[in-house]
Amino acid sequence: MNGPFLTLLRRDLRNLLTGAHGSGAILPLLFFLSIAMLYPFAVGPNPTLLAKTGGGIVWIAALLAAILPLDGLISRDLETGFFDQFRLRGISEEWVCAARLIAHWLSFGPLLILACIPAAALLGLERQTVGLLMLGLLAGTPGLAAVGLMIAALTASLRSGAALAGLMLVPLALPILIFGAGALARSDPATLGFAGAISLLLVAVAPFAAGASIRAAREG
Amino acid sequence: MQASLSATDLACRRGDRLLFTRLSLVVQPGEVVQITGANGTGKSSLLRILAGLLAPYAGKVTRHGDVGLLDENPALDEHLPLGKALDFWRSVDGTPDTLVAHGLEPLMDVPVRFLSTGQRKRAALARLDAQGPDIWLLDEPLNGLDSDAAADVGTMVDAHRRAQGICVLASHQPFPLDGVRQIDLVGFAP
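Chains as they are written, first to last, in our numbering: chain F, 1 to 220; chain S, 1 to 190.
Check each hint, because a few of them may be wrong.
What the hints assert, rightly or not - Simulated coverage check for chain S against chain F, where a stretch passes if three residues somewhere in it have a Cβ under 8 Å from a Cβ of chain F: (1) 146–156; (2) 161–171.
Unchecked claim - Here's a subset of chain F near chain S, in silico, CB distances under 8 Å, partners left out: (3) Thr7; (4) Arg11; (5) Asn15; (6) Thr80; (7) Glu94; (8) Gly166.
Claimed, not checked - Among the chain F residues that face chain S by a calculated CB cut under 8 Å, a handful are: (9) Leu17; (10) Ala20; (11) Arg87; (12) Glu126; (13) Arg127; (14) Gln128; (15) Ala217; (16) Arg218; (17) Glu219.
FYI, nobody ran anything at the bench for these hints, they're computed from the structure. From a predicted model like this one, the values you see are computed outputs, not experimental measurements. Cβ coordinates follow ideal geometry from the N, Cα and C atoms, glycine included.
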């Protein structure tokens, strides 16, 4: 089973990074940075205000950027018969989704965490805030990836699935946002533990929920 | 172990419509069965039920051996050159880098999205051939193929039959092979 898993992961990474499936790795990154760039134009160049609210904006930008790769994350392979062929070879949907989850996170998570540094410079954030932001995104983005994967699987067979997926991510990602961005307001890294715990739970559940959704879509 | 495929009292429902009922089928090793019937009689659904991808509305399917399915989805990455796209399945199936026939040699560097319907079908056949399963389920294998390629498919299926393999194919066209058992789905309409 090890062999196919690595082969699947390699294919998923190649497809997700280059944008053959979904948006590719660069688009969410640019989207994330452009929100950080637009915010000072919208609220004015008041350094105190920016330093106080900038961290929250970075979190919102990360959440919205996580929506971009969802289009085609699952639906493309469902349409082109990949999931059928995997099933016939005894590779379960859960197994495929586990590989997809890892590749999905790798294609946007680490880049967003690194992009916090230029985003923080644009917003004039303090060093301590940047540290909490990066730690928070490290704890939170796996959860965002897991929620995204589940939603992408659930909406894969729907006609306007991509738009719906974006809308569904918002409420489901709320707990991660509350605890992740909450750490900034209270300057307390302990809150990040909650964000990390929610992420872990979502990561554990996602391959099973997504796998079941794909099987249900096939019957439809 | 010998490959075998049997179905007992199958019924298939899609939406509100019952497509066929009380369909029983036993396929012996080395046998080729062609499912015929007008469009919408449930040929594709039957193949997906036999493959285990779709649950029958009633009845049971028993199969021994690996199953390979060829349908309208080639399951090849559109943006990749054909050679690379086929390499993915070769790596998943753990099959060696065998000679790819089916007239595909000049196309190996061409991205899959530029291939015609018939060329995609040939590519999917090459994928199935490399996978080498015991049970072949072919849904409209001749669609989009020219007469030479169609004859090649006949030869491929014949070789598979000689190797004690099983083949069930759904097609409304005559299949270029002798000794094919025909089953008309119209006889099983409710």
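ask   = Hint by hint, which ones does this structure get wrong, listed from lowest number up?
value = Numbers 1, 2, 7, 8, 9, 12, 13, 14, 15, in rising order.
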